[in-house]
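Asker: The primary structure of each chain is shown beneath.
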Amino acid sequence: MHGKFDDLGRFADPSVLILTSLSDGPKHGYAIMTDVAAFSDVRMEPGTLYGALSRLEKRGWIRPLDTDERRRPYQITAAGQSVLAEQLKTMRQVVRTAAGRIATA
Amino acid sequence: MRSLLAARLSRALVACYPPRWKQRYREEMLEVLDQHQARSRTVLSLAGGALTAHLDPGYRMGRPVIKNKAVRALLIAAAGCMAVIALVYGVFTYTDVNQLIGDLVWHPGHAEGDVALVLTPDQHLLATLEGGEPDTAVVTLMSVGPAGLRQLSSFEGGITVAIAPDGHLVATSGYGGEAALWNVARPRHPALLAILRPGSSNALWGEAFSPDSKVLAAAYGGTTALWDVARPARPRLLTVLAAHVGPVTHADIAFSPDGHLLALANGNGQVTIWDVTRPARAAPVGTITVRGDYFQALAFSPHGDLLAGVTTAGTVLVYRLDDPGRPTVTASRSGLAAQALYPGGMRAPAGLAANCPGCGAPSYALGFAPGGRALTVVLDKILPDNSSRDTAFTWQVTASGSLTGSTSAARDTWDGQPALAPDGRTVVDGSAFGRTAVGLWELPAAAG
Chain U
273 MHGKFDDLGR
283 FADPSVLILT
293 SLSDGPKHGY
303 AIMTDVAAFS
313 DVRMEPGTLY
323 GALSRLEKRG
333 WIRPLDTDER
343 RRPYQITAAG
353 QSVLAEQLKT
363 MRQVVRTAAG
373 RIATA
Chain Z
252 MRSLLAARLS
262 RALVACYPPR
272 WKQRYREEML
282 EVLDQHQARS
292 RTVLSLAGGA
302 LTAHLDPGYR
312 MGRPVIKNKA
322 VRALLIAAAG
332 CMAVIALVYG
342 VFTYTDVNQL
352 IGDLVWHPGH
362 AEGDVALVLT
372 PDQHLLATLE
382 GGEPDTAVVT
392 LMSVGPAGLR
402 QLSSFEGGIT
412 VAIAPDGHLV
422 ATSGYGGEAA
432 LWNVARPRHP
442 ALLAILRPGS
452 SNALWGEAFS
462 PDSKVLAAAY
472 GGTTALWDVA
482 RPARPRLLTV
492 LAAHVGPVTH
502 ADIAFSPDGH
512 LLALANGNGQ
522 VTIWDVTRPA
532 RAAPVGTITV
542 RGDYFQALAF
552 SPHGDLLAGV
562 TTAGTVLVYR
572 LDDPGRPTVT
582 ASRSGLAAQA
592 LYPGGMRAPA
602 GLAANCPGCG
612 APSYALGFAP
622 GGRALTVVLD
632 KILPDNSSRD
642 TAFTWQVTAS
652 GSLTGSTSAA
662 RDTWDGQPAL
672 APDGRTVVDG
682 SAFGRTAVGL
692 WELPAAAG
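In order, the protein sequences belong to chains U and Z.
Last residue of the first sequence: number 377 in my numbering, and the count goes up by one each step with no gaps.
Last residue of the second sequence: number 699 in my numbering, and the count goes up by one each step with no gaps.
Just so you know, the hints here were simulated from the structure itself, not pulled from any lab data.
All C-beta atoms, glycine included, are put in the ideal place defined by N, C-alpha and C.
Hints may contain errors.
[Said to hold, decoys possible] Covered by chain Z, per the in silico footprint, the following chain U stretches (three or more residues, Cβ under 8 angstroms):
no., stretch
1, 319-332
2, 342-353
3, 362-376
[Said to hold, decoys possible] Listing some non-contacts, in silico: residues in chain U with all C-beta distances to chain Z over 12 angstroms:
no., residue
4, 288
5, 312
6, 313
7, 339
[Stated by the list, open to error] Facing chain U, according to a computed beta carbon distance under 10 angstroms, are these residues of chain Z, among others:
no., residue
8, 275
9, 282
10, 283
11, 285
12, 294
13, 297
14, 303
15, 307
16, 309
17, 403
18, 508
19, 511
20, 622
21, 673
With the rest of the complex left out, here is chain Z:
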């Protein structure tokens, strides 16, 4: 069922609960529905819940509003028929494989540049970064709800953007090595809290918050700073990690779900795993190296026992971390860049050589499903005219960390770094060329 239709039906069904029930639970149920991705089973569960609540003597009204039994039965039957028709219509009419959840165009005519997209774990708040140049970079906050995307506010951006899991803080990086910390607890009214200066003038290339939102890791060319942001108005530099060797051209940072490990990728094909149980005394415990290639995205499994990465050449690797000092490869799949198609589903770019001179390097996003049983890689393949195609590859993950089966889904879009939402199924893509826009679409159920 299309999400929008399911969301509207779900909200309508809350109104069908008994008055006493609504008085007690209505507001919190609507709050949950605002955050929850409504599907046909959501509608069915609410319909069943409303019926059960009506049968519960504790919530039944003292006297029925409609006294005539025959009229009451007729109205209930009519309402039931309408619900069944709506459900059947929804289920059988809207079965798009790649379900578009919402598109938003904002700041038309704004400066061209990169787009970065990050979502909170509850997928309720989206932060986008566009511009990517001094004086033009802008972070935009949007709410993600059943009705799609809604722009909340904008403020000064930088090279990167990160959002804390609790949805209260956003970190942006500057060009002189500083990071800015914003209070977004009231996302319509973001407020600058602090500027973080670790003493390095190198540009920041990546930032990430720990799962408890209390530590910020900020990767520079050469080092990574860990900041205590538990009291965000007074951030404290905890330590500077010096594990990177040589110039960093790209960094990806991932905390393990328990916050005890931090994986840092650099532009030399190396990933360093740090024990950050006590962040001020962080220590390197293991390294992973790929030759002639480097990692573009990293992700820990929800149980923290696996670390997956995808390289710029299109190889996905999974490592087992029973002993983080000795990561062991459990799965490897290469050639994703070659398997992904160009916009329009073409094997080769029309009118261009097969190696596509002028085509941009692919962008990647990577993530596990919440249960850890599926791994998805999203690859954005870009033509010289900046049109692109997102291809999502999903594998089932076995208990040992092997990858089995493979499904894929794709959608044409415009150049922009894709993001994979924490549910492992919602892809966020954006474009910054010609029109600045962001779209959310949902992968088939196999990705869940």
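Only chain U is shown next, with the shape it has when bound in the complex:
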């Protein structure tokens, strides 16, 4: 894997899941957790979620919106969409390679 996700190391997966979740519109923390569980079966915990949100926000890949009472929605930025697209391209390449090797094994 190369590119902008390198410095996320072991945190890359939650970040991809969160960016994917936000790609169809802004969501607050708990909505992200339930959405991620629904499309990936990954039960993200609050500590993991907020660690990843903090890193994504710091890199400018998401931005916080105004709070709705205690809930704060997050929105993916154009830079975040570009990083997600790059990451998905890499993943597709991995899937293609793995599928090809399994088929010929």
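Start from chain U and add chain Z according to the hints.
Answerer: Relative to chain U, chain Z alone:
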């Protein structure tokens, strides 16, 4: 780990984050924790998160509060030891198979009658209905949080109760065919918004909101009305579906997760599947029929490709809906009523004949786990003294819709319609006889 202990530890760990972090994220993290079912892994993730945040220069304080390095190291080591002891104590001491999350008794001495229980998808708000008779039926709203259940408000009820997925609306049915729409966006202060009258005087037997909370389906004896409730103060009748044949003795209604299909069960053993993509022009697309039996509960899988139902005789059926016009059975398991035990774990009711004259008909709840890989049926088996036992059967669901494996869990309770929360693991049961109460308990992990 017991949920209450995990919840308390989780909240305590939020206080361990660096001040700058807390200033930015504390309130929203606590809001998430209020809605999230805390477990041991929640505690571990927060402990790891707090440690990582302390190592992050962006959140580290300019100068440490405790300047002496040795004292600081000692305090960190002591805090670490305490956290490990608390975790180990929690993990190894509280491993109840059927974990009780919370019990609440309210309105002691209230009129006896049915209890209906519904939860919002985020499992944050619970609506209960007790009474079930004119003038006595009451809906009670409760918050569900780490500390258990908390009563928020009560208002006039009816035969059934439904809560919108967004948690802002509650629909109750009246006895003359009308439904009432309540604004519960501020659940401590519910407000009556509108009375819905579709022109039928038949009693309502079931209601359900669409996944986007914009359409309400209300099933009557003979017909089902679809209401546009996007502007709930001014609901609009969209159409009346006339698919039921003969008298309806029970109805169960389920919308598909995308809101495009509506499954309606009637008392003749028939389920009609409607295309409600454009609700005002809803059209029937398929039917399912069971002979000599009828469906008590229906549920779509999270991907909408499967429809599961459980019948009053205790048969669970799964249908594949690749073509909703031709549902095909992919799994069938019968005899659940016979497999479920009576209160106290008895095979036969003590002092009564095996067929148990006077025993109430079992009540059922049914639901898929969020990922769609597990299906759970909860069966409430009732003795004449109104004591009962909830038995939960869980199967793994294959990609083709077959059911494999089977696990079960049970808890003695009192007569009342059980409900299965949207997480597919939390069972809500209530009692209306002798003491009015509601309890939440969690099934083993296999149900997730």
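Asker: Would you list, in rising numerical order, the hints stated earlier that this structure does not obey?
Answerer: Violated: hints 3, 5, 6, 7, 17, 19.
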